[in-house]
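Work out the full structure, taking the sequences as your base and the hints as a guide.
Here's the letter readout for the chains.
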Amino acid sequence: MTIKLHVNGQDRIVRSDPSTPLLYVLRNDLELNGAKYGCGLGQCGACTVQVDGNAAFSCLTPVAVLEGKSVRTVEGLGTATHPGVVQRAFELEQAAQCGYCIAGMIMRAQALLDREPNPSDAEIRAHMQPNLCRCGTHMRILRAIRRASEMLKAMPASRKGATDERHG
Amino acid sequence: MSDTGEVLLRRRAFLAAGALVVNFSLRGNASAQLSGGGEGSGGAAVVDPKLIGDLKASPLLDSWIRIDGTGRVTVFTGKVELGQGIRTALIQVAAEELDIAPETIKLVTADTARTPDEGLTAGSHSMQDSGRAIQNAGANVLALLKREAARRWGVAAGSLSTNGQGEILSGDTRKVSYGSLAEALSLHVDAVPGVSLRDPGTYRTMGKSLPRVDILAKLTGGASYVQDMRLPGMLHARVIRGPSYGTRLTTLDIEAAARLPGVVKVVRSGQFLAVVAEQEWTAIAAMRKLQASDFSRTAMPIPSGTSREIMKALPTREIVILDTTDAVAPAVVSVKASYSRPWLHHGSIGPSCAVAKYQDGIMTVWSHSQGIFDVRRVVADLCELPIEHVHGIHAPGSGCYGQNGADDVAADAALVAKAMPGRPIRLQWMREQEQGWEPLGPGMVTDVEASLDANHRIVAWNYAVWSNPHNNRPVGAGGVIAGGEVVPPHPVPEGKPIPMPEGDGSRNSNPLYVLPNMHVLYHFAKDMPVRVSALRSLGAHLNVFSIESMFDELAKSAGVDPLAMRLSHMQDERARAVMQTAANRFGWAHRRKGDGYRGCGMGFARYKNIGAYCAVVLEVEVDEDAGRIRVHRVVAAVDSGTVVSPDGIRNQIEGAVLQSLSWTMAEQARFDGLHRRSFDWSAYPIHRFEDVPGSVEVHIVERPGLPFLGTAEAGQGPTAAALANAFADATGCRLRDMPLSAERVRAVLAARDRA
Amino acid sequence: MSTRLVRPGGGRRAIWLGLVVFLLGVLVAYAATWRPPIEPVARPLPSAFSAAQVERGSALASLGSCAVCHTSEQGATFAGSRALPTPFGTIYTTNITPDVRTGIGAWSREAFRRAMKAGVSRDGHHLYPALPYVHFTHATDEDLDALYAYFMTRQATEAVAPANRLIPPLGFRPLLAGWKLFFLRQTPFEPDPTRSVAWNRGAYLVEGLGHCAACHSPLNSIGGEKQGMAFAGGEAEGWKAPPLDATNPRAGTWSVKALHDYLRGGIEQHHSVAAGPMGPVTHELAQVPEADVSAIAVYVASLMNPSNRVEHSVDVVDRAALAAAAQPQGAEIFAGACAGCHEPGAPMTRERRPLLSTATTVLANSPDNALQAMFSGIHSPEDGQTPYMPSFHDTLTDDQAALLAAYIRLRFTNLPEWSDLRAAASRVRAEEN
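Protein chains in written order, with the working numbering: chain A, 1 to 168; chain B, 169 to 923; chain C, 924 to 1356.
Don't take each hint at face value.
[Said to hold, decoys possible] Pairwise CB distance ranges, derived in the manner of DEER restraints: (1) ASP1241(C) x PRO469(B): 40 to 50 Å; (2) VAL991(C) x ARG146(A): 25 to 35 Å; (3) ASN54(A) x ILE1090(C): 44 to 54 Å; (4) ARG1032(C) x ALA757(B): 24 to 34 Å; (5) ALA955(C) x ARG146(A): 49 to 59 Å; (6) PRO469(B) x ALA1248(C): 25 to 35 Å; (7) GLY473(B) x ASP1241(C): 31 to 41 Å.
[Said to hold, decoys possible] Pulled from the structure, derived: some chain A residues nowhere near chain B, Cβ distances all over 12 Å: (8) ARG27; (9) ASP29; (10) PRO62; (11) GLU67; (12) GLU75; (13) GLY78; (14) ARG125; (15) GLY136; (16) PRO156.
Worth flagging that the hints you see were computed from the coordinates, not collected in a lab. C-beta atoms are modelled at their ideal positions from N, C-alpha and C, and glycine is treated no differently.
This is the structure we're talking about:
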């Protein structure tokens, strides 16, 4: 069946069973590597993307429910040559060991910073709770998110906008 | 507290008294160390023992380094990137010795067709095995380049220098690029020993924290993992098994599964069963349909009870680790304690995955296994192919922390690929399959009894440790699950102990402290009620927990400060330095005294007594009613010898601390007689953001010029001990069985309140 | 012809009389609502209490689930500051650690007893019935003293709760005196000699410290439990608390053992998982003496199933094909969002986790709890024993949740379909916590 999605600011058409979780469509049909399979049960967050700006488990979001909604993945935040603010902060803090959880961490953090640009440490920890890291990179991830929030504060307002104009 | 001189004198007195030391070398002779830490096949056979690191087995320079006409350098290593940053570190090593910019180096990791066989990337051996080989190969190559330049210019090689940009300079204004020299040179020659390395004082790259070469791609959705591979014509496969090791499904409707739309093939070989589909979701749906089946147990029932009860009931053979007899002052107090840890999951965030393709008689397998050359042996054995027809290539997975499902999945993928020639097969385990089938970190027990004399000196040390084998790394088909499913099944090889100084269950059972009358015995139990294999740090997690807890228990009974207790028994200067660094940075001398709720504790170990030194000090606060131990502050100090990447070391130790806190406080695999019950993250919770410490600091004690020391596993043991010691300081209660769970914390504090 | 009701000239006198009566009324009301402060005491030393008394108090505190309300997310236990949403606004729980300045460290035993039995704070102000003193009032003095001993021997934590945010007139605490006139019956518990020891123990706990009726009874518009409808079902934090009496549609399937297992472990294989506020309650009950949980089960079973008839559990219904044909969109959503846990063959189904076909939420007359589970998820304390269901609040619209609920009801039950699911989804989402 043909499904229309809006991913990273672009309309995309895929041929997929509507029950297919977004995770597999992103990875296999759209060849986007960021969101990862960790559990398929909504327990680890490796698959985290943004749906209408909210952090969501793409492993449990069938494409059937995405009509009219916009999806953003880590590829929509920036590239290796032009990384987004949060990606840049993670790079500066070297906030990764195996790195498998990190794209999910970045998307969950982005969802927080989109609505609360100045979160407290306690708020960051509570917000990031759904995402697991087994390598123990948590301290760096927290530092990276704080750093991203500081970098955002220092940026002029005109440059802060999301790459996708359909959500703020 | 006695000073070093007095301690040294005593040591000589012990030796003079005719001490007998069995199976252990105090000096940690490097040549007694096994490639890959003694796990798996241990790499290729030694060809030239005079060479350093894995040059011993692969002495040809062009096995390690090639330079093309444009000066681009390719470096080959048999080690692999597991998330520990080894790719970047080895590039730094090569860049340093060749004196070129790291960006100009391409590093090829384990590939059976292209790189040396360096055995496993395990045991914190990579810098020692591969780092030193590359370092020395680089020095050899540079020497050859200089010799060639010298020949061209008619000058002495010793008058030449390098400028860090891939050029050799003469004393005057002449210069030549490595590229133009390399064209005339063959690197297909053996390395020679004794080539001098660069002076650490001139280092441009090593010792600096270079950003890791792989992180940016991982942040921006670059294809970085075996899970990201896409090959033309690739199909998706899922394997169908019972819920956990030692079970199988009994009511399978395979014909119905084969008829599901989108299923391309159902592959069967004996008990091995997999579905293959064009769409990944189709394969998953088909798998779920087949999994809706009853299951039965194929192996012996899993015994019930604590790890202590289970391990002490198994038949064992005894291995003497240490046995010394010394004349000492009489003992005035003895402390006796037993410690334990449960079986633990590796808990890799990304369940294991592999891609395999069988075409024109050649089987290619992409796997995140720590031992690609062993994957090749396993696949050749399982698929009945000549080994030259099997090509293994490493592609990173998520952190594995030891032997997880990687090898099994590589074998599964190969079996499916063999049944579907010409089609690349991507086989991914599901979360519950990783939980259910991967080998676990073994449950272990220790019994310790130590005595003090009137001067608070330890005069006797009796230590016994019970463990299953930790090294069940597959080297043939019998080591992987599919090997037991095909017909005829390959027998599971018997697990063997790893000899000291590496050790397995015995790892770090030999204290680095100078103690008289040491009796350390390893009860090796070869029968494994639960499938087990190496988990990061192997036996060191429990052994360091036990030794360091006992030190605190002794210190408490003597009324001695825990740090003072350690220093008075430790001669090794580097050990003393890390302990004192961590303590000073923590503020140990003026720390808050345990007040019933808050307290501080420390732990120390030198990994395997031949690896990195690490001391961890931490402060906890205990919430008695919730049973929760909050870690406020952690300060660690580490000595890794020559530092390649300071940030890489800090990252490793921070990670080790957090991982060990989760293991030690929160984790235990669960079973009933029939199967594993810890099947997903709800049934096996690990620490999340709300659980991690308030702050973690890592201080590196620099030792330029000294050999590299493997750091990846140095933090787990000391952290576990520091936690138990801080809890005891805070509450006056001692917890000796891991995990230090909420239930146990509440129980021990309730008992304290009753008394 | 008009009748003059007030004689001219008598009007001014009437006004003065009215004013005097009014002032007298205010004085009387003030006198009636005023409670004297009880003098602060020096914080008692932990050694003043026996270990046995403290241990008893610990069990009682778990039975009363004190920690659940009096602890905030990531806060120290008993230090308060948890936000409790009520129909009247948000109340923040108080610090009941023995901190002298910000907790109850200066409270005498009498002050503690008065708070629990009469809903009056040490300094005399009335406490909101968010503290269920209408139930605690039935506890014995001995038990209250044990609780006092327990709280006085906890770790003192400094913490001040944020100010309550209540609908304006309710900030005026003396009004509560009037409320109590209607709803507080300070009667001691009277055991029933015709019943077993366990039943009486269960009754004492349930009617008293357990305060089950506070959630499991319907409340009237001013927050009092409706007369004569105890245990007829209620709600808490957006979840429906099922009836604990014979009106429960599955009353016959709740044996004493099933109740015991549910209360003790938070899961009953043929019913449900303890969700929403009940999760933490079962986590507390896992820590109390076994006999007390059994007693509660005995009592509740007697309310639900007085004739003790035992029904077989509902048959496992799974009409996948029928439901997929009738509700194709719901089927698609289920396959992608739910099947990984809830489909036959999913790993969870092997681990004694409830099947949807026997789940209380799915078999209930109201779809509210099923929708709430979808929106809020189920987040029991992570102890490796209880399930974890993620929240679908951000990925399912009300329409999609309604379609999914209709499919689940049709596939896994033989019961009449839920009506007005779309409206129910909107309503439940608004109540979500």
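For each hint, the structure was consulted:
no., hint, in the structure
1, ASP1241(C) x PRO469(B): 40 to 50 Å, "violated, 31 Å"
2, VAL991(C) x ARG146(A): 25 to 35 Å, "holds, 32 Å"
3, ASN54(A) x ILE1090(C): 44 to 54 Å, "violated, 30 Å"
4, ARG1032(C) x ALA757(B): 24 to 34 Å, "violated, 43 Å"
5, ALA955(C) x ARG146(A): 49 to 59 Å, "holds, 55 Å"
6, PRO469(B) x ALA1248(C): 25 to 35 Å, "violated, 44 Å"
7, GLY473(B) x ASP1241(C): 31 to 41 Å, "holds, 38 Å"
8, ARG27, "violated, 8 Å"
9, ASP29, "violated, 9 Å"
10, PRO62, "violated, 10 Å"
11, GLU67, "holds, 19 Å"
12, GLU75, "violated, 4 Å"
13, GLY78, "violated, 6 Å"
14, ARG125, "violated, 5 Å"
15, GLY136, "violated, 3 Å"
16, PRO156, "holds, 23 Å"
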